[in-house]
Amino acid sequence: MRAAGQQIGAVAKRSGVSVKTIRFYCDQGLLHPASRSEGRYRLFDASIYEDLSLIRTLRAIEIPLATIRTVLEARRSGICTCENLQTTIRDKTGEIHQRIEDLKALEAELVRMLSSWETCGRPSPQDHQDKVRGPARTRPIRSPGGA
Numbered sequence: 001m002r003a004a005g006q007q008i009g010a011v012a013k014r015s016g017v018s019v020k021t022i023r024f025y026c027d028q029g030l031l032h033p034a035s036r037s038e039g040r041y042r043l044f045d046a047s048i049y050e051d052l053s054l055i056r057t058l059r060a061i062e063i064p065l066a067t068i069r070t071v072l073e074a075r076r077s078g079i080c081t082c083e084n085l086q087t088t089i090r091d092k093t094g095e096i097h098q099r100i101e102d103l104k105a106l107e108a109e110l111v112r113m114l115s116s117w118e119t120c121g122r123p124s125p126q127d128h129q130d131k132v133r134g135p136a137r138t139r140p141i142r143s144p145g146g147a
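In terms of this note's numbering, the sequence shown is residues 1 to 147.
These aren't lab readings, by the way, just hints derived from the structure by calculation.
Every value quoted in this text rests on a predicted model; they were computed, and no experiment measured them.
Ideal Cβ placement from N, Cα and C applies to all residues, glycine included.
Keep in mind that the hints are not guaranteed to be accurate.
As the list claims (entries may be wrong) - With a Cα cut of at most 16 Å, we get these calculated EDC-like pairs of lysine to aspartate or glutamate: (1) K92 <-> E50; (2) K13 <-> E50; (3) K13 <-> E62.
As the list claims (entries may be wrong) - Computed Cβ-Cβ distance ranges for the label pairs, DEER-style: (4) A60 <-> S115: 17 to 25 Å; (5) L106 <-> K13: 36 to 44 Å; (6) C26 <-> L85: 54 to 62 Å; (7) A66 <-> K20: 29 to 37 Å; (8) A10 <-> P64: 47 to 55 Å; (9) R40 <-> T67: 28 to 36 Å.
Assemble the whole structure, with the sequences as input and the hints as a guide.
Here's what the structure looks like:
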């Protein structure tokens, strides 16, 4: 079979990307078959493998599909430069750094909470009096047993 006429199953087998995923990428405008067979099967040329490789790489770093579509369209039209892709990756790097900072703050809060609890399931009242949020209680909280 010629490279310009590979059916989706052959592309899936060679690339390790499922037929379902390739169809999804086609439906999302990321991939375009080179042609269709008489039986209306999608036929792909050899460039499909470069496109799939780039999609996998960009998805692995959580680049949104819409952005990947833009990158692929620019690449196909010949206007995609390293500068375009570097900007996209720099932006994603900034987002990741912010997520890391947010996760570090969450981790610090969880560690602080763990260290302030006196016994399993009971926070130290003096540690959390100033942390209680919400409307002031007018009645004391009763235990489930009513005591």
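Cβ separation of C26 and L85, checked against the hinted range 54 to 62 Å: Given range 54 to 62 Å: violated, Cβ gap about 22 Å.
Status of the given 36 to 44 Å range, CB of K13 versus CB of L106: Between L106 and K13, where Cβ atoms are some 43 Å apart, the hint holds.
Pair hint outcome, K92 versus E50 [Cα-Cα no greater than 16 Å]: Cα-Cα ~22 Å, so violated.
K20 and A66 - C-beta distance against the hinted 29 to 37 Å: About 20 Å separates the Cβ atoms of A66 and K20, which means 29 to 37 Å is violated.
Consistency of beta-carbon spacing, P64 to A10, with hint 47 to 55 Å: Hint violated: Cβ distance 29 Å, outside 47 to 55 Å.
Hinted pair K13 and E50, Cα distance within 16 Å: 15 Å, holds
Satisfaction of hint between E62 and K13, Cα-Cα up to 16 Å: Judged against 16 Å, a Cα distance of about 24 Å means the pair is violated.
Outcome for the supplied range 17 to 25 Å, where the beta carbon pair is A60 and S115: 36 Å, violated
Cβ distance range 28 to 36 Å for R40 and T67, holds or violated: About 30 Å separates the Cβ atoms of R40 and T67, which means 28 to 36 Å holds.
Violated hints, in rising order: 1, 3, 4, 6, 7, 8; the structure is consistent with all others.
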